[in-house]
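Between the sequences and the hints, there should be enough to build the whole structure, so can you do that?
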Amino acid sequence: MPEVTLVLLVAVIGAALLFDYINGFHDTANAIATCVSTRALTVRTAIFMAAGLNFLGAMISTKVAATIGKGIVDANNITQMVVLAGILGAIIWNLITWYYGLPSSSSHAIIGGLVGSVVAHAGSGALHWAGLKKIITVLVVSPIVGAFFGFMFMVGMMWAFRNKAPYNLNKVFRKLQILSAAVMAFSHGTADAQKSMGVITMALVSYGSLATFEVPNWVKMSCAIAMGLGTAAGGWRIIKTVGHDFVKLQPVHGFCVETASAGVILGASAMGLPTSTTHVITSAILGVGLTKRISAVNWGVAYRIVTAWVITIPASGFVGFVSYMVLSPFLGK
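Quick note: the sequence shown uses this note's numbering, first residue 1, plus one each step.
Hints are computed from structural coordinates only; laboratory data are not their basis. Treat the hints with care, since some could be wrong.
[As the list claims (entries may be wrong)] What follows is a set of in silico ranges between Cβ atoms, one per label pair, in the way DEER data are often shown:
{"hint": "1", "residue 1": "Gly125", "residue 2": "Gly300", "range": "37 to 45 angstroms"}
{"hint": "2", "residue 1": "Ala122", "residue 2": "Met59", "range": "30 to 38 angstroms"}
{"hint": "3", "residue 1": "Val43", "residue 2": "Lys134", "range": "34 to 42 angstroms"}
{"hint": "4", "residue 1": "Lys133", "residue 2": "Leu6", "range": "33 to 41 angstroms"}
{"hint": "5", "residue 1": "Arg293", "residue 2": "Gly52", "range": "19 to 27 angstroms"}
Just so you know, even glycine gets a beta-carbon here, dropped at the ideal spot from N, CA and C.
See below:
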């Protein structure tokens, strides 16, 4: 039934753009939580700066989109229903974690959702295990790298400015932190908007609109706009968790967090490797916090963050699986 297939394609595109929008306000905290907590920027100014730079970052590259679109399962072997159910799994889990103020990963959510829907449709044999292993390895390792770089960068700053008065140092770094937050927002766009681009392009290949996996310009523009609008909507619940409750930060700490995180994310995006911006920056905050003292970290919040980190892929995978099983009898497989 061509009409049903077209309706499903439209539904997939709409759901992917909704996911990008939710990703924008869900992950706004990644770029701006630290500069808001240190009062380098007001919440409103920080959000709109992040929105614009998220848009620019999303337009730069499609390497991560290709990894998502081709690394999990062959785009020619999946259906519109599979993609739609996978996106729904990610959206529902993102909304649950946003409601509870948990900085979970949208990257983990979309991958888990797609894995769940693919398994429901064709079994685990349809998955690209080598590509999936590579993606999950990067998602697991990148927060560790973020914590390491955050810690080392902060140690280097403490040594370099050990004879400077804290008040004057914070005045300088409050200004520098605006720049580092801007780079972090740009890097977020290069990483996170790519996931929806990959999903929409996957659906277009499945429908037959594209012969090969190549992200069209209108897809790039649509995803960039959706993420920019979502970022502009804000995400105060998660900003509060990351920027206020986890570790108390000064401007020099915020600068180190954002610079270390942006370096990890931009490096991974340049290689087409999907990272979780949420977990990279929260782990960098942990690394910087540990340079102060162990008790400077709110370990209760850290436990909540790690819990969300561990369960996001299986939880969104379960929702993706259930979404497929519920919808496919009515909309086709």
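Against which earlier hints does the structure fall short, listed by number upward?
Hint 5 alone not satisfied by this model.
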